[in-house]
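Asker: So the sequences go chain by chain: A and B.
Positions 3 to 470 (the numbering used here) are the ones given, in order, by the first sequence.
Positions 469 to 793 (the numbering used here) are the ones given, in order, by the second sequence.
Be careful, since some hints might not be right.
Stated by the list, open to error - Listed next, with one range per pair, are the computed distances between beta-carbon atoms: (1) Leu-700(B) / Asp-282(A): 26 to 36 Å; (2) Val-617(B) / Gly-199(A): 18 to 28 Å; (3) Val-617(B) / Val-288(A): 23 to 33 Å; (4) Ala-180(A) / Leu-644(B): 27 to 37 Å; (5) Trp-318(A) / Glu-517(B): 19 to 29 Å; (6) Ala-429(A) / Leu-644(B): 17 to 27 Å; (7) Ala-269(A) / Pro-536(B): 35 to 45 Å; (8) Pro-415(A) / Glu-525(B): 43 to 53 Å; (9) Arg-607(B) / Arg-158(A): 42 to 52 Å.
Everything labelled a hint here was simulated from the structure, so no lab data went into it.
These numbers come from a predicted model, not from an experiment.
Ideal Cβ positions, reconstructed from N, Cα and C, are used throughout, including at glycine.
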Amino acid sequence: MSLQPVLLPTDLLIFVLVLAAAALALRASRHAPSREAWRRVGRRPVAMAAATVLLAFAAVGFLDSLHYREQLPPGPGEAAAKRQYSSEVLSALDALLAPLRLQTEKTYSAPFARELFQREVVELPGGGQARTYPRLVYGARHLLAGSSLLADLAGRLAWTPFAALAASGLLLLALAVAVARGRRCRPGEAIRLILAGRTALAWRAVLIVLFLVALLAAAGVALASHYHVFGTDKVGQDVLYLSLKSVRTGLVIGTLTTLIMLPFAVALGIAAGYLGGWVDDVVQYVYTVLNSIPSVLLIAAAVLMMQVAIDTHQQWFDTAAQRSDARLLALCAILGITSWTGLCRLLRGETLKLRELDYVQAARAFGASTAAILRRHILPNVMHIVLITVVLDFSGLVLAEAVLSYVGIGVDPTTISFGTMINMARAELAREPVVWWSLAAAFIFMLVLVLSANLLADAVRDAFDPRQ
Amino acid sequence: MLAYIVRRLLYAVPILFGVNLFTFVLFFGVNSPDDIARMQLGAKYAGAEAITRWKTERGYDKPMFFNPARAGTAKLTDTLFVDKSLRMFTFEFGSADDGHNIAREIRSRMGPSLAVALPTFALGLFAAITLALLLVFFRATALDFWGVVACVVMMSVSSMFYIIGGQWLVSKVWALVPISGYAGGLDMVRFLCLPVLIGVVAGLGSSARWYRAIFLEEISRDYVRTARAKGLSELAVLFRHVLRNALIPILTGVVVVIPFLFLGSLLMESFFAIPGLGSYTIDAIRSQDFAVVRSMVFIGSVLYIVGLMLTDLSYTVVDPRVRLG
């Protein structure tokens, strides 16, 4: 079976983002002051732990960005040479999670349940009918009636601590070699230093978090194809699968929004601050106008208009995935339009200050061109503001996505996201007994993602803000 | 002072005009009225005739900026832009898709919105400043550390979970108050205490942390050291010196939102079925009633500009050194 790679616009931007981040990391490692600032971040165990968690989320999101379409088997009477591809766009994550994606039940079922959540009329084997809770098609189907769930879980989870230990042990060895080379000591000594938490960067925190992440991942591998770990939703989809798929949507909104707005905010902010005069007036006017519209209303207006444009131009999109992706990207752009003003104002203010400093005056006296001064002298000295804003904005954007999707001005209803999950879960709470698991899953995933983003953002701000 | 207010009002005119033009381009430039008519009627029923009728009924059958069919100044005034956009400056918003007058609807819905938003705002401010002062008083102790940790965790939880969790716990499990709804008179209290409580709790984490940072910046100043050297107690220093001097940065962030209280909160009003402006906006968004959304955008920006003016005026109240002129 052959695959046709599909490059959705957001995928492309994610690849651009990854490359840009790599380039920036390379630059920062050669530039002494920013290397020192990043070291300050790395010394904090909390920051390193948060970064590890975020990397795990980023890995999930990245796997979910490698899209492809499967080739369909040739129909009867069709030439085998003619290739037909499925209209369903899948990702590498979908392929990895194939059991979760395909093992759908009829409707709700609780975490680790054997039976459906609702009573149904079933045919009894000996004839006749009964109203009972039918067995799930996939969840816990290997369990015989009367056998213990706990015993089965214990048996399946037995190997997971060893796998997690092995994963963190491998990283420990690799780190020990690196630390030993840096400190010119024996690797055994380096291992002791790392485990005692006495290395320059907080590697012990990374190891602990990696152990926990690996433990959870191993438990997922051990259980997810046999049970519905987080239950199933109204149409019987596995909630764990939905939560993992939501990660990409959250990450895309949190990162691409800033990526899209950054060039405008930086260029306009610096130009307004340095050039002054009518440029300053125009830029200030534009951002005052945009700022004075309450952001929710501005987003609502823009999203409504975008919806009409997408609905009336169905011919632009080949597949449903492309349409919902276009909508996601448009949402990022709209959020970017409403959020660039804050950064632009900060940059303008900072540039106003920098413009009067001696080294800029000197550059001007030497006859350096305006473009060169902006690029060589102003831009590098406002980058810390850009960085701090980017990391601080991330968590707010992830939270905003959920609210906007609830209001109906967020992602496409077919896009799996935390917002759409909460939106569906809201109606479920009114049921008796309560269907709590999809809400709980969305809560846990979102809390971990946003909390680690907040913790890392704090560390980055403390390290890069010269006022601190 | 009067001269200052007049000048600020004059500054507001070009900004509101910009907002007006921007929303007009957004609503009529991205999609033509024909597109909108087609979508609202549904592709099945959108014959050329039906579209024309839809446009005439709502007054969308005019050119955008220039009407060559009319004579004299009417060439410029009998257009969509003047009709739908510039007219908002007189606070005439026309009627919504369901035929109700938007301006009247807005006036009658402001009350319930304020009834939720005002107590939430006042109690939230009080709670956050109290908590922040408490953390600052016990700064660099375990209480401060865990307090900040709690704040960070609280601000990492989406406000929707506070609402859903609160409704479930207080209304369903404990059955203390109705789960949602609204009533006038004294009955209002029963319906409002849960949304107000949730609103306060949901905002506590981020604002308490922010106020704490402001207080900590003030507390390292020289005048605080002088006050301590005079032998003032730590509490007196906090309340008489730090709190008063920190008011300027606090006011900058706080006063500007006061006018927005009229707009209410989209989430709260939708979850608790409160007939305020927030739920009005949500209903308009869901039924794609563009006239209502456009009006709300305009009112929102008017309120924002009022908020900025109030902020400047409030500086003169708390800081005698500030003179507006």
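Asker: The structure should be examined with respect to each hint, and the outcome stated for every one.
Answerer: For each hint, the structure was consulted:
1. Leu-700(B) / Asp-282(A): 26 to 36 Å: violated, 46 Å
2. Val-617(B) / Gly-199(A): 18 to 28 Å: Given range 18 to 28 Å: holds, Cβ gap about 20 Å.
3. Val-617(B) / Val-288(A): 23 to 33 Å: violated, 40 Å
4. Ala-180(A) / Leu-644(B): 27 to 37 Å: violated, 58 Å
5. Trp-318(A) / Glu-517(B): 19 to 29 Å: holds, 28 Å
6. Ala-429(A) / Leu-644(B): 17 to 27 Å: Once the Cβ atoms are compared, 22 Å apart, the range 17 to 27 Å for Leu-644(B) and Ala-429(A) holds.
7. Ala-269(A) / Pro-536(B): 35 to 45 Å: holds, 40 Å
8. Pro-415(A) / Glu-525(B): 43 to 53 Å: violated, 30 Å
9. Arg-607(B) / Arg-158(A): 42 to 52 Å: The hinted range 42 to 52 Å holds for Arg-607(B) and Arg-158(A), with Cβ atoms some 49 Å apart.
In this structure, the hints that do not hold are numbers 1, 3, 4 and 8, in rising order.
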